[in-house]
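Listed below, chain by chain, are the residues.
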Amino acid sequence: MVGIGQESLREGESLIRVENLVVEFPGPRGSKLQAVSDVSFDVMAGETLGIVGESGCGKSTTAKAVIRMPPPTSGTVRYDDEDLAALTKEELRSRRTDLQMIFQDPISALNPRRSVWDIISEGVEIWGTHGVWTDARLTELISSVGIDPQYRDRKPFQFSGGQCQRISIARALALDPKVLICDEPVSALDVSVQAQILNLLDDLKTEHDLTMLFISHDLAVVRNVSDRVLVMYLGRVAEVGDADAIFDNPVHPYTQALLSAVPGSGIDNDGSLSGELPSPLDPPTGCRFHTRCSHATDVCKTTVPEFRQFGKDHWAACHNPQGTPVDIT
Amino acid sequence: MALLDVTNLAVTFKTPKGPVYAVSDVSFAVGKGEALGIVGESGSGKSVTVKSLMGLLPRTAKVEGTAVYDGEDVFNLPKSRRKHFYGVDVAMVFQNPMTSLNPVKRIGEQLMEGMRFHRGLSRADAKARAIELLDLVRIPDPSSRLRQYPHELSGGMRQRVVIAMALANDPALLIADEPTTALDVTVQRDILDLLDSLRADLDMALILITHDLGVVRDRTDNIVVMYGGRVMESAATEDVFADTEHPYTEALQSAIPDMSMPRGTRLDPIPGSPPDLAIAPRSCPFAPRCNYASDECHTSIPALRAVGDTAVDAASPHLFACFNPRGVAANEGASA
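These protein sequence lines map, in sequence, to chains A and B.
Residues in the first sequence are numbered from -6 upward in steps of one, following the working numbering.
Residues in the second sequence are numbered from 89 upward in steps of one, following the working numbering.
If you're looking for bench data, these hints aren't it; they were derived computationally from the structure.
Fair warning: this is a prediction, and the values are worked out from it, not measured in the lab.
Incorrect hints may have been included.
As the list claims (entries may be wrong) - Cross-link-like lysine to any residue pairs, in silico, SDA-like; alpha carbons within 25 Å at most:
hint : chain 1 : residue 1 : chain 2 : residue 2
1    : A       : Lys198    : B       : Lys120
2    : B       : Lys102    : A       : Phe152
3    : B       : Lys139    : B       : Asn190
4    : A       : Lys198    : B       : Gly352
5    : B       : Lys105    : A       : Arg147
6    : B       : Lys105    : A       : Ile100
7    : A       : Lys305    : A       : Trp120
8    : A       : Lys294    : A       : Gln249
9    : A       : Lys148    : A       : Trp120
10   : B       : Lys120    : B       : Leu165
11   : B       : Lys105    : A       : Asp146
12   : A       : Lys148    : B       : Pro104
13   : B       : Lys105    : A       : Lys198
14   : B       : Lys193    : A       : Ser272
15   : B       : Lys139    : A       : Thr199
16   : A       : Lys148    : B       : Gly106
Assemble the whole structure, with the sequences as input and the hints as a guide.
Written out as structure tokens, the structure reads:
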């Protein structure tokens, strides 16, 4: 099968380098559901990569496959120049502290029967890093995420959703991660609290020198946090590149439709999405977006589009892009 | 005259730990064919407000105030009238379409049930109407959909089916409680566009409840902004955005990231957390989180007042409940 290529991968030292990632799940009656099909991307140290797309596009699965949760069906994930698939179970486990994750629903992400202190210090217990994380430093961490340390013995139900998300963030940071994977971290929060968490993540990113994978369906949130953006549709990458390029000058009809759907975006796009998201059990041939694309031509139905370059760091996989490809080397 | 006129609505829940003041002193009106947006965060009382109108609150709730729908007192309808008031005059659409639908009954059965009950239609007539309704909410191939179960449809399609069910008996007022929160942005726009066009075509009034100011911005005639169970600001939609009076409305706008902002823009979050509704309201609920709060704000509840010469009895007066307004009213106060 022709993939869409790896042209978007950059030269030089990347912290995470994912090549030809495929994740399959068993479907009904022996069929296979390909949630992620041939996705390649890289993340430089200190960078924030935003992954966007509609539900079912494979954005969460992609990020989770990076930390082998579950392991990808095929493709390689290199972290710090090490193939994660080649590691033994024990070696992989020791890398886990480097890659931490925070989840969408902060309340269900925390054990309801344990105190905040237990939740945050458990990782330190397990890894025996008391030398580094003394009680005083853990207390400092708790207050740095905006939780009053005097509430350390309270249980999650005594906190609001926003506060639980702060506790989840502290739990992740207590392991000194290098990469923080945020799976819709503010979607379940009220708008007034969303901004608090986004600003907190921004502060902590600088303070702890973090690299982030930030998954969200909220495009305005992604614009706010991301250096680079990966737009996914039905398991494939539609467009990838510098966040400003993607948001200010999208060339893929899907990205354009997605952006114009945001309330108050002011973008009037006649190419709005028609029809339903096709079933991932039986994805359309050629470009997977052709069934809903207003610019689709015959070639879209038969040939998988390859990445073409539209700017210094701006790639899209489309036969009929709404911009002119350039060749910059 | 307004189709629905709610005056001084208050809802208190009895709990073992004492009363919870979920809604206090809420008034608003919806005219025939008008769209009203009720905006607020969780705990603002927006859902409790409409649930009280729909008679959906548990028995522990005490409802005070009046709600008059087309000359009828909504809170004291006789039982026989109530049966047909809900579902025929007023219908409601909820946030999660999957829990609104019965998972073990076919779409067609569920659509026809209401029509057969309220209007006594025959099976054949009800079926024809069901197909017509699915077509109205732009579901492709409606006749074959009737035999499908909810799990066979996508989230957006399910919400369309729920909207079709709500429209089955031509309601004069449709209440939609966060109808698009569980859906993708692309589907959200389709559903909101659909509600817009249905409202115009069927001359139906709409109450749209949301936490997202962006959703109501281009789609409603009037907006009520709620916080801590009270109305903070209420005005014609364009006035709310052109001349924001209440610091909370202002804070809501600046706390939301905007796609036009460059990356890394620091947001202005609203500090602190929402108020504890178990404490009897004695001051402005927003005062502890407000940047402009003065002593007065912590000791007394600001009454709703009107901006400038927009009289309280005007069609849609610009009302706000704040001692330190931020818009045009601020200068009025200074010169007076």
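Quick rundown of the hints versus the structure:
1. Pair hint Lys198 of chain A plus Lys120 of chain B does not hold up; C-alpha atoms about 52 Å apart against a cutoff of 25 Å.
2. Between Lys102 of chain B and Phe152 of chain A the CA atoms are separated by roughly 22 Å; this keeps the pair inside 25 Å, and the hint holds.
3. Distance check on the hinted pair: Lys139 of chain B and Asn190 of chain B sit about 20 Å apart at the alpha-carbon level, within 25 Å; holds.
4. For the hint linking Lys198 of chain A to Gly352 of chain B, the alpha-carbon distance of about 12 Å falls within 25 Å, and the restraint holds.
5. For the suggested pair Lys105 of chain B and Arg147 of chain A, the alpha carbons sit about 19 Å apart, so the restraint of at most 25 Å is met.
6. With a C-alpha separation of about 23 Å, the suggested pairing of Lys105 of chain B with Ile100 of chain A holds against the 25 Å cut-off.
7. Pair hint Lys305 of chain A plus Trp120 of chain A does not hold up; C-alpha atoms about 43 Å apart against a cutoff of 25 Å.
8. Restraint check for Lys294 of chain A and Gln249 of chain A: the C-alpha separation of about 20 Å stays at or below 25 Å, so the hint holds.
9. Between Lys148 of chain A and Trp120 of chain A the alpha-carbon distance is near 23 Å, which keeps this suggested pair within the 25 Å criterion.
10. Distance hint between Lys120 of chain B and Leu165 of chain B is fulfilled; the C-alpha atoms sit about 21 Å from each other, no more than 25 Å.
11. Restraint check: the Cα-Cα separation between Lys105 of chain B and Asp146 of chain A comes to about 22 Å, which is no more than 25 Å; the hinted pair holds.
12. With a CA separation close to 21 Å, the supplied pair Lys148 of chain A and Pro104 of chain B stays within the 25 Å bound.
13. Note on Lys105 of chain B and Lys198 of chain A: the hinted pairing is violated, with a Cα-Cα distance of about 41 Å set against a maximum of 25 Å.
14. Only pairs whose Cα atoms come within 25 Å are accepted, and Lys193 of chain B paired with Ser272 of chain A is accepted, the gap being roughly 23 Å.
15. With a C-alpha separation of about 45 Å, the suggested pair Lys139 of chain B and Thr199 of chain A falls outside the 25 Å cut-off, and the hint is violated.
16. Proposed proximity of Lys148 of chain A and Gly106 of chain B is supported: the alpha carbons are some 23 Å apart, at most 25 Å.
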